[in-house]
Amino acid sequence: MKPGWILLGLALLLPPFLPISDYTLHIIILVLLWAFVYTSWTVMGRFGLVSLGHGAFLGLGTYTTALLWNHYGLSPWLGLPLGVIVAVAVALVIGYPCSRLKVVGHYFALVTLALTEVVRLSIVAWRDVTGGSLGMTPNTVPPNSFEAMQFTRFTWYWVALAAWAIGLYVWHRVDRSMTRAAMDAISDDETAAAAVGIDVTRQKLAVTTISAAMTAVGGALIGQYQMYLNPETMAGVGVSLQIVFAAISGGMYVILGPTVGAVLTIVLQEFLRILFGTRFIGAAATIYGIMLILFIIFMPTGICGVIVDKLRKRRA
Amino acid sequence: MLEVAGLEAGYGGFRALHDIALTVEAGEAVAVVGPNGAGKTTLMRAISGLLAPRAGRVVFEGTDLAAVPPHRIVERGIAHVPENRRLFPRLTVEENLKMGAFSPAARPHFAERLEWVYSLFPRMRERRAQVAGTMSGGEQQMCAIGRALMSKPKLLLMDEPSAGLAPVIVDQVFDLVRRIRQEGFTVLIVEQNVRQVLELVDRAYVLEVGTIRKSGTAAALKSDPAIREAYLGI
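Going down the list, the protein sequences come from chains A and B. Here this note's numbering is used: position 275 in the first sequence is 345, and no number is missing along the way. Here this note's numbering is used: position 191 in the second sequence is 186, and no number is missing along the way.
Calculated from the structure, these hints are not laboratory results. Note that the coordinates shown come from a computational prediction; the quantities given were computed from them, not determined experimentally. Incorrect hints may appear among the rest.
Covered stretches of chain A, going by a simulated chain B footprint (3 or more residues, C-beta under 8 Å) [what the hints assert, rightly or not]: (1) 220 to 226; (2) 250 to 263.
Anything over 12 Å on all C-beta distances counts as not near chain A; from chain B, calculated [unchecked claim]: (3) Asp14; (4) His66; (5) Ile68; (6) Leu86; (7) Thr87; (8) Lys93; (9) Pro99; (10) Tyr113; (11) Arg190; (12) Thr206; (13) Ala221.
Built from N, CA and C at the ideal position, the CB exists for glycine as well.
Work the whole structure out from these sequences, hints included.
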């Protein structure tokens, strides 16, 4: 395992220096940033807390950062942490009653789905400030401005790589913690977990907080990188589902699962988009949707889950 | 040590328990016996905080447990071996035991208590890396008791430890309970297997349709004609 990680790390230092097109580098950066977001989702999703509310955390992170910059000139370096605080506050306001009232499973998914739509509709409705459904662009300054968090593509690659690596590190730390075992116990049998002395609410809120905070960071970075925010692509059910699908298809129980999910979904999306171009509007989205459904039915543990299983069987 | 008075509890519109009064002194083993549906499990859940009582008091070592959440009750020294064992089937035996010592107060003592539970149940040491859901019923019961002991409780609540087990295994489980008594634990045990449980406790309460009908020493109940007829089949 260890040499594999070192090789992967070294390989990831190369792309900006390779003779690849700007477009390819752009796709790699997107994959890294979204992989970070998908990894964030699995921090809670792997314990049966299937949240469709991550579109909300993503949107709160990105819009808080961009709005504070455009309207108050507050540097995204300060705006981003504030966006994280907003997202975490919302996560706790939703998560606490859900846990106390034992809202789990489908009902939890529905509550979080509602949350994500509330955030999207609020952004759309608050048109004077957010630009509504037309979206908004952070006020631009000369490129590679550190203060405005507006970098060249070359710099963005390193930012995205760092975010992704930190995401994996957090996932790993959670995986090795007592919280991981406690959350597994809670998802097996919540009542028994409470009976043996696990503070169910506290454990759930811990993973929810980590997950929401990371997602808000991811949202802010994606917004800053793309320099364009749209409520449809940065908040709401659409992006929530995209996160869930990618995390599940890659495999949410394996550290690199969400990353594989990001590669798969983004490359597939781009491939279909270019393949169909402007012909057969909707065909790309349909094929994409069908493939995801097949994945979830036939590979519930995701690509990485299946691979890890096969390797384990071979060793045994 | 434990004093329950005027306890009333239920689910929705259903009143499962009313006007329950019982006491457990330190060092005692007390049983609550009665038929299916008498409210025995409800009583256990009300004591361990899994179900909020509607009225009455549950007082443990002088503190009312009314508003105390379940994990704090465990910290105060009441451990619950739930009905049907309720292990975490996907976790290993050792992880299950670890969960029993989850409270911040118990965590530093995890290693020594694990050793102690393994010395009580050597079988669990052999099975430490096995996924709990794949063990036999008797072993699962052993693991569930071990998990409760990991918090080093002052009072151990046991809900039908013999339920769903083969007769030979039931004997083994009752032997386990006897050993736990010898270790000096105070035990409150709920059972349908009246004959065997009366052999191992000091006192017992008879619970029928949500209320306590009779109580007394194990010896007195064993010779009570009504009990003999209804529960012991003599």
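Is the nearest CB of chain A more than 12 Å from the CB of leucine 86(B)? violated (6 Å)
Checking C-beta pairs, does the stretch 250 to 263 of chain A have three or more residues closer than 8 Å to chain B? holds (count 9)
Consistency of the no-contact label for threonine 87(B), given chain A and a CB cut of 12 Å: violated (9 Å)
Closest CB of chain A to the CB of threonine 206(B) still more than 12 Å away: holds (25 Å)
Three residues or more, CB to CB closer than 8 Å: is that satisfied between the stretch 220 to 226 of chain A and chain B? violated (count 0)
If we take the beta carbon of aspartate 14(B), is the closest beta carbon in chain A still more than 12 Å away? holds (25 Å)
Closest CB of chain A to the CB of histidine 66(B) still more than 12 Å away: Label violated. Min Cβ-Cβ 4 Å, cutoff 12 Å.
Any Cβ of chain A at or closer than 12 Å to arginine 190(B), or is the non-interface label fine? holds (28 Å)
Whether tyrosine 113(B) stays farther than 12 Å from all C-beta atoms of chain A, as the label says: Fine: 18 Å to the nearest Cβ keeps tyrosine 113(B) off the interface.
Is it the case that alanine 221(B) keeps its Cβ farther than 12 Å from each residue Cβ in chain A? At about 34 Å from chain A, alanine 221(B) clears the 12 Å cut-off, so the statement holds.
Does the claim that lysine 93(B) lies off the interface hold, with its Cβ farther than 12 Å from every Cβ of chain A? violated (6 Å)
Assertion that proline 99(B) lies farther than 12 Å from chain A (Cβ): Per Cβ check, proline 99(B) is inside 12 Å of chain A; nearest 9 Å; violated.
In the structure shown, a violation is registered for the earlier hints numbered 1, 4, 5, 6, 7, 8 and 9, in ascending order.
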